[in-house]
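Q: Sequence:
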Amino acid sequence: MAGARDLGMTFAGGGNRALFQLGLMRRWWERLQPRVAAVAGVSAGACMLTVLLSKREEQVRTFFAARRGGVSRNLDWTALLRREPIAPHGSIYRDTLLHAYAGGGFERVKRAPFPVLMLAAEIPRPLPRALGTLVGFGAYQLEKQVRPGMVHPTFGRQLGFRPFVFDARACRSAAELADLVLASSATPPFTPMGRFRGRTLIDGGVIDNNPAFVTEQVASVRRNLVVMTRPYPSARTGLQGRRLYIAPSRPPPADCWDYRRDAPVDENLALGERDAAAHEDALARLLDR
Numbered sequence: 002m003a004g005a006r007d008l009g010m011t012f013a014g015g016g017n018r019a020l021f022q023l024g025l026m027r028r029w030w031e032r033l034q035p036r037v038a039a040v041a042g043v044s045a046g047a048c049m050l051t052v053l054l055s056k057r058e059e060q061v062r063t064f065f066a067a068r069r070g071g072v073s074r075n076l077d078w079t080a081l082l083r084r085e086p087i088a089p090h091g092s093i094y095r096d097t098l099l100h101a102y103a104g105g106g107f108e109r110v111k112r113a114p115f116p117v118l119m120l121a122a123e124i125p126r127p128l129p130r131a132l133g134t135l136v137g138f139g140a141y142q143l144e145k146q147v148r149p150g151m152v153h154p155t156f157g158r159q160l161g162f163r164p165f166v167f168d169a170r171a172c173r174s175a176a177e178l179a180d181l182v183l184a185s186s187a188t189p190p191f192t193p194m195g196r197f198r199g200r201t202l203i204d205g206g207v208i209d210n211n212p213a214f215v216t217e218q219v220a221s222v223r224r225n226l227v228v229m230t231r232p233y234p235s236a237r238t239g240l241q242g243r244r245l246y247i248a249p250s251r252p253p254p255a256d257c258w259d260y261r262r263d264a265p266v267d268e269n270l271a272l273g274e275r276d277a278a279a280h281e282d283a284l285a286r287l288l289d290r
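Quick note, the sequence shown lines up with residues 2 to 290 if you use this note's numbering.
Be a bit skeptical, because a hint or two may be false.
[Stated by the list, open to error] Here are the simulated SDA-like pairs of lysine to any residue, each with C-alpha atoms no more than 25 angstroms apart in a straight line:
#1 K145 x N75
#2 K111 x F214
#3 K145 x A131
#4 K145 x P252
#5 K111 x R196
[Stated by the list, open to error] FRET-style restraints, in silico, Cβ to Cβ:
#6 S221 x G139: 36 to 44 angstroms
#7 R275 x A131: 37 to 45 angstroms
#8 R84 x S235: 43 to 51 angstroms
#9 Q60 x A220: 29 to 37 angstroms
#10 G242 x R84: 33 to 41 angstroms
#11 A131 x S174: 23 to 31 angstroms
#12 L128 x E274: 41 to 49 angstroms
#13 Q142 x P234: 13 to 21 angstroms
#14 R237 x R163: 22 to 30 angstroms
#15 W30 x L240: 18 to 26 angstroms
#16 T155 x G239: 29 to 37 angstroms
Simulated from the structure, these hints should not be mistaken for laboratory data.
The structure presented is a predicted model; accordingly, all values stated were derived computationally and were not measured.
For each residue, glycine too, the CB sits at the ideal point set by N, CA and C.
Work out the full structure: start from the sequences and follow the hints.
A: This is the structure:
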């Protein structure tokens, strides 16, 4: 039925590349929001969903730029000698999330009239945490090599990694919501191991970096807009059944974990805004199905 809340939105992970999603939503969100029945995200895609719902995008963009002001390199191996983290990403990421959830942002996420689902991965029980993390990310990278153009990985689940899905609206505080997003994004050494309500978790991309299946767990979702964060072969994008896969037209200029002060993160936003026009017809077909 036209106008019904039957649209799912799925945001892929991808670090800074996920800013492409916010750029796209600058053009589309006002139109889509009344149709949304559920949203789901993983890793940085989960972050972008909460920033979008917080209605504090501009404040977050300004804060993120300022918070990275002292970062000249992404990894500092000499920090090991000082027993400090070798990467600045974890603390910057958390501070930026908490800034998004200040000023009423957390309450706006809580008041969303649809599920706000986030995906993380649980390590198989027999594996120690450190080994499990290496196995999970190693399997994901290997699958990308042996299955070029892969959209939905399978190796992680075959190895026993389990999906952990949680509705962000059930978080009890802004700090707990930040914990959830960080768990969904946990990618040592850039960010620490995820911990949420007694569980140890890693980046949900190990399960699926384009987790359309999570959104479609909500019965009222009849169509699903899946926003990816890197280019894919044309055969993998566009309308695929009840899903519309949208990928950037070119690699976003700021790479996943480039937190240096001069990283061109705003160009990733601009790419999303520019690409929106090219997908208008496909979006209209999805909404009219």
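Q: Taking 36 to 44 angstroms as the hint, is the beta-carbon distance of S221 and G139 inside that range?
A: About 38 angstroms separates the Cβ atoms of S221 and G139, which means 36 to 44 angstroms holds.
Q: Does the Cβ-Cβ separation between G242 and R84 fall within 33 to 41 angstroms?
A: violated (51 angstroms)
Q: Is 13 to 21 angstroms a correct range for the gap between the Cβ atoms of Q142 and P234?
A: Given range 13 to 21 angstroms: holds, Cβ gap about 19 angstroms.
Q: Starting from the range 23 to 31 angstroms, see whether the pair A131 and S174 falls in it by beta-carbon distance.
A: Cβ of A131 to Cβ of S174: about 29 angstroms, so the range 23 to 31 angstroms holds.
Q: If I claimed the Cβ atoms of R84 and S235 lie 43 to 51 angstroms apart, would that claim hold in this structure?
A: This hint holds: roughly 49 angstroms between Cβ atoms.
Q: Could you grab the alpha-carbon distance between K145 and N75 and see if it respects the 25 angstroms cut-off?
A: holds (24 angstroms)
Q: Confirm or reject the claim that T155 and G239 have a C-beta distance inside 29 to 37 angstroms.
A: At 22 angstroms between Cβs, range violated.
Q: Quick one, are K111 and R196 close enough, alpha carbons at most 25 angstroms?
A: holds (21 angstroms)
Q: Is it true that R237 and R163 lie within 22 to 30 angstroms of each other by Cβ?
A: holds (26 angstroms)
Q: Has the hinted range 18 to 26 angstroms been met by the Cβ atoms of W30 and L240?
A: Holds, since W30 and L240 (Cβ atoms, about 20 angstroms apart) stay within the stated range.
Q: Verify the proposed pairing of K145 with P252, using a straight-line Cα cut of 25 angstroms.
A: Given pair K145, P252 holds - Cα atoms ~16 angstroms apart, limit 25 angstroms.
Q: Starting from K111, check that the Cα of F214 is at most 25 angstroms away, please.
A: Holds: K111 and F214 sit about 22 angstroms apart, inside 25 angstroms.
In this structure, the earlier hints numbered 10 and 16 are contradicted, and the remaining ones agree with it.
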